[in-house]
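Protein chains: 4
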Amino acid sequence: MLGYFGPAGTFTHQALRTITTEDGVAFASVREALDAVRQGAVSRAVVPIENSVEGGVSATLDELIAGAPLAIKGEIVIPVEFGLYVREGTDLAAVRQVLTHGHAAAQCRDWLATNLPEATVTEAGSTAGAAAEVARPDSRYDAAVCARVAGDLYGLTELAYQIEDNVGAVTRFVEVGPAGRVPEPTGADKTTLVAFMRRDHSGALLEILEQFAVRGVNLSRIESRPTKTTLGSYCFSIDCEGHLREKRVAEALQGLHRVCPQVYFLGSYPRANQRRPEIGVGFSDGEFAAAAAWVASLSR
Amino acid sequence: MLGYFGPAGTFTHQALRTITTEDGVAFASVREALDAVRQGAVSRAVVPIENSVEGGVSATLDELIAGAPLAIKGEIVIPVEFGLYVREGTDLAAVRQVLTHGHAAAQCRDWLATNLPEATVTEAGSTAGAAAEVARPDSRYDAAVCARVAGDLYGLTELAYQIEDNVGAVTRFVEVGPAGRVPEPTGADKTTLVAFMRRDHSGALLEILEQFAVRGVNLSRIESRPTKTTLGSYCFSIDCEGHLREKRVAEALQGLHRVCPQVYFLGSYPRANQRRPEIGVGFSDGEFAAAAAWVASLSR
Amino acid sequence: MLGYFGPAGTFTHQALRTITTEDGVAFASVREALDAVRQGAVSRAVVPIENSVEGGVSATLDELIAGAPLAIKGEIVIPVEFGLYVREGTDLAAVRQVLTHGHAAAQCRDWLATNLPEATVTEAGSTAGAAAEVARPDSRYDAAVCARVAGDLYGLTELAYQIEDNVGAVTRFVEVGPAGRVPEPTGADKTTLVAFMRRDHSGALLEILEQFAVRGVNLSRIESRPTKTTLGSYCFSIDCEGHLREKRVAEALQGLHRVCPQVYFLGSYPRANQRRPEIGVGFSDGEFAAAAAWVASLSR
Amino acid sequence: MLGYFGPAGTFTHQALRTITTEDGVAFASVREALDAVRQGAVSRAVVPIENSVEGGVSATLDELIAGAPLAIKGEIVIPVEFGLYVREGTDLAAVRQVLTHGHAAAQCRDWLATNLPEATVTEAGSTAGAAAEVARPDSRYDAAVCARVAGDLYGLTELAYQIEDNVGAVTRFVEVGPAGRVPEPTGADKTTLVAFMRRDHSGALLEILEQFAVRGVNLSRIESRPTKTTLGSYCFSIDCEGHLREKRVAEALQGLHRVCPQVYFLGSYPRANQRRPEIGVGFSDGEFAAAAAWVASLSR
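Residue numbers (the UniProt record's numbering), protein chains in the order written: chain L, 1 to 300; chain H, 1 to 300; chain Z, 1 to 300; chain U, 1 to 300.
Hints in this document: simulated from the structure, not taken from any laboratory.
Some hints here could point you the wrong way.
[What the hints assert, rightly or not] To be clear about the criterion: a stretch of chain U counts as covered by chain L if any three or more of its residues have a C-beta under 8 Å from a C-beta of chain L, and this derived list gives those stretches:
| hint | stretch |
| --- | --- |
| 1 | 252–261 |
| 2 | 284–295 |
[Said to hold, decoys possible] Sample of chain Z residues lacking proximity to chain U, with all beta carbon distances greater than 12 Å (derived):
| hint | residue |
| --- | --- |
| 3 | Thr20 |
| 4 | Glu22 |
| 5 | Pro69 |
| 6 | Pro137 |
| 7 | Pro226 |
Computed from a predicted structure; not experimentally measured.
Every residue, glycine too, gets a C-beta built ideally from N, C-alpha and C.
Work out the full structure, taking the sequences as your base and the hints as a guide.
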């Protein structure tokens, strides 16, 4: 059974539906979803990790390292697309009262101003909640701005789609399971980890980045997070290209383990876009193996 | 007139009181406080920037670059210390109902469990609001956990102080004014800036850090912030040691201007701790001037 | 009047003839040729600087910084091509005794073995001296292996040309004048300098290289030279792409001046191959000027 | 049987005597001495490698990689000290004719000018040859400036010692044997290697240096050598602190093998000065082993 950061009808729910036909179990917070994995209540959970319009990113970064070890098993990237959903029979001209979450209202401001200049927009606790409210036959609201999954879930009619002003935004989700066996490399993988900076050590971040650079490992994301101990103490949440079983990644991880007071490995998993990294000259597994064999031959 | 991110009775208010005897104007959000500076309604505003227990940090980092240019004129570091405040005449044994903000409750959990094991702790919207409520003669709450400034403000009696479990936590605030004349260097200054990473350029952060390293400039804070355009696009909010008018800092800023698509300079100002940076061999103003004079002499 | 490291008939002489129709004054050593410039006896001197088959490179690197300041005004690259030269009337079948310098013999070994398997090869002090000897009507030698300039000079007949085994070798010469006005940039220039390493400073060479890398300046040559003080003390003789009046080069030179105990600037001059450097994003003069203007604007 | 770069009576001979009471076999060139090791004619040979006053350094660097693999087994550092040696019965006042090598004459110029202002100094082919000549009863020379070993060898009387102007100069010699079993680490070792730069790859030297820096390995010597193929093509002869069996050195060597077209390992051997390297945090064998164990544990 799979869990997700709910409620039903959100983009996280939509992400879940790309990997299962199950309903899934909605949890009220990222922490509760991840704890359910830790306790075995669900086998995996889908939670947002990056740039979501519905929040949750910092929570995920922090919660992933807050208890028993978990591992990311896959990632899902979902376009942030909104539609206008009504009860069957309502047409656009009849829409006077729109209900949605503040973030969604902000992202669809231009479309609403152009197409529903007379309508009043009211903020709900979530876009999914807005859809649920509009679905009530006696609701005082005529339309919800929400994800398609919410429109479907509550049996609403779609009057317009892709009404967001900033087309092209996406949210990235991860599928989290218990730590343990790492999935086999596919050749187009990503590795997520958290590296803590040595305190009072100027140049510590430079040192962290060099561990990757000198082994030809590209980073696709790096974000600082306060460690919650003292002012100016950070850790870095990092996604790099490649898999733990690729030697350039393994040696970079060893380097981090030596220069950082703490490193968390959060999983190697297939990239959503299936793009294979460009591996520079000197950084392939074959070249690592040949170098190790050479040094071994010297030491006989 | 000075503004601050209110309400009255918070640590931000306490920070304000370290630099003025004025009352100050409380604003409901960091944005409103900073916009008041932009519009000239207040000459300066005090807002939290780092690791605050009351939130506001990300908001400050984002709002500082969101409109007309502002500049940081000074910093204030305040210990995060809580006390237990009651109406005059209440003693510890009589405290049954405690009101405070959730963060403060969390930070004083051990003290409350040890000293008030029977008491019920209720969450208020802010620690200052808790103090205001407790100050009402007919309040159903006996005590507030809040900052000393709130106890003072509402005429409460302090039963205990420094009751936080994690002694030593601090919050850092900045005093923000309109961009313009930079304060003179004191020899113990800090410079704050925001550097945007070139897109799709692996190693861009390494390149940013090298601009500082090669000129001997230490960083005291570096935090990533999403740029809100595409997934994986970041800018970095950075504090470095030194002043715009020190040549190593000026040359590092020039370097950033060349390698980053966008750089914001947010001010050079005296450090709260008045600690002078250690300037390595080759990085003093005199050495920069001598190097420039030498190159000029070659080019005659 | 121009000087050169003689004798007449060497590749250095050939290099001289590419820039003047004058005869030039031959000097017996690089030191004497450079001292003649220092004393004003000649206006400029041509000396070998890199990978010559006739030696002289280390001497040049050392002598350039050994006395009153000199500057490189231009470079000349000459293919290392040898021919077989005889007195008029001798044909290949008649060649029994070949005279040449040991280096030239080594470089033409295959050709001599194939085409003159029966001939005896004797070593002379120089290829030019070999040509002079062969030119004597009563010489016991039938042929000289030497540069074309020597064949011409001594009125010999060329029986074969480009007889060297390793086609494509070149020697690089520099035209050295008194320090003073640097030639105007052409857009395809080179700058030569010598940087001394700080003693007992692990990473000093890395620090030197970073001065160039961080300003986008490519190196085309770097060679260590002992400083002749203590074991393990080196300076580095460096050619970089670009001209002192290009800002990326000027800032790199300033950086070296700050981090090295001693730097010698030996000139900016047009490259022999007239290839313009690729200047990366952020490293053009316009970008340096814009960065300086930006920082100046902040400091008002 | 041990060989050395002769003749007898040089500093190389003196170096040999620090490790054996044997006479040793003198060879006329570094190449011949090393080839004798390759062919098994001698078990080891002592040759100068760094900053010698008697030449031989470049030859050694080049010859070490020119044929069948050899390995450095130890190093010997000898002070460059000269004395004035005469036939028994000659006193200082009687010295009119001094014979020595040009280098030694140059290095003792001040002493000779002060103490033998009237004497004529003649240049011999070597300081040892000068001693041999002076030892002849009918020699027209009264005194030799040479190493003590030469004075001893030829039964001369020492009139003065340490007469060199620049006290403190030393020459470094290496004891070279066939490649094969590397001596056990002593904790105070040095490793010698030669790394070839990738062609047309700006930043290649920076890349080489980073292989050491990122593993905390200090360099004690780095010298460029032309590769004799094309202009601007170099290899680097490098001494680093530590032993092949220390993991930071082994990983650095593996890194070089991956980024360089060719690397020669020339041996790990005890340092002459027995100084143990300072190993930074994160670079000890224990930390390397712990890092490898951690990564292995992730991959189960």
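Tested hints:
Look at the stretch 252–261 of chain U against chain L: 6 of its residues bring a Cβ nearer than 8 Å to a Cβ of that chain, three or more, so the hint holds. Here's how the stretch 284–295 of chain U fares: 7 of its residues keep a CB closer than 8 Å to some CB of chain L, so the rule of at least three is met and the hint holds. Listed as outside the interface, Thr20(Z) is consistent with that label: its C-beta sits roughly 23 Å from the nearest C-beta of chain U, beyond the 12 Å cut-off. Consistency note on Glu22(Z): stated as away from chain U, and its beta-carbon is indeed over 12 Å from all of that chain's, at 27 Å minimum.
Even its closest Cβ contact with chain U, about 24 Å, leaves Pro69(Z) beyond 12 Å, as expected for a residue assigned away from the interface. For Pro137(Z), the shortest C-beta to C-beta distance to chain U comes to about 35 Å, beyond the 12 Å cut-off, and the non-interface label holds. A Cβ of chain U approaches the Cβ of Pro226(Z) within 12 Å, the least distance being about 5 Å, so the stated non-interface status is violated.
The structure does not agree with numbered hint 7 stated previously, though it agrees with all others.
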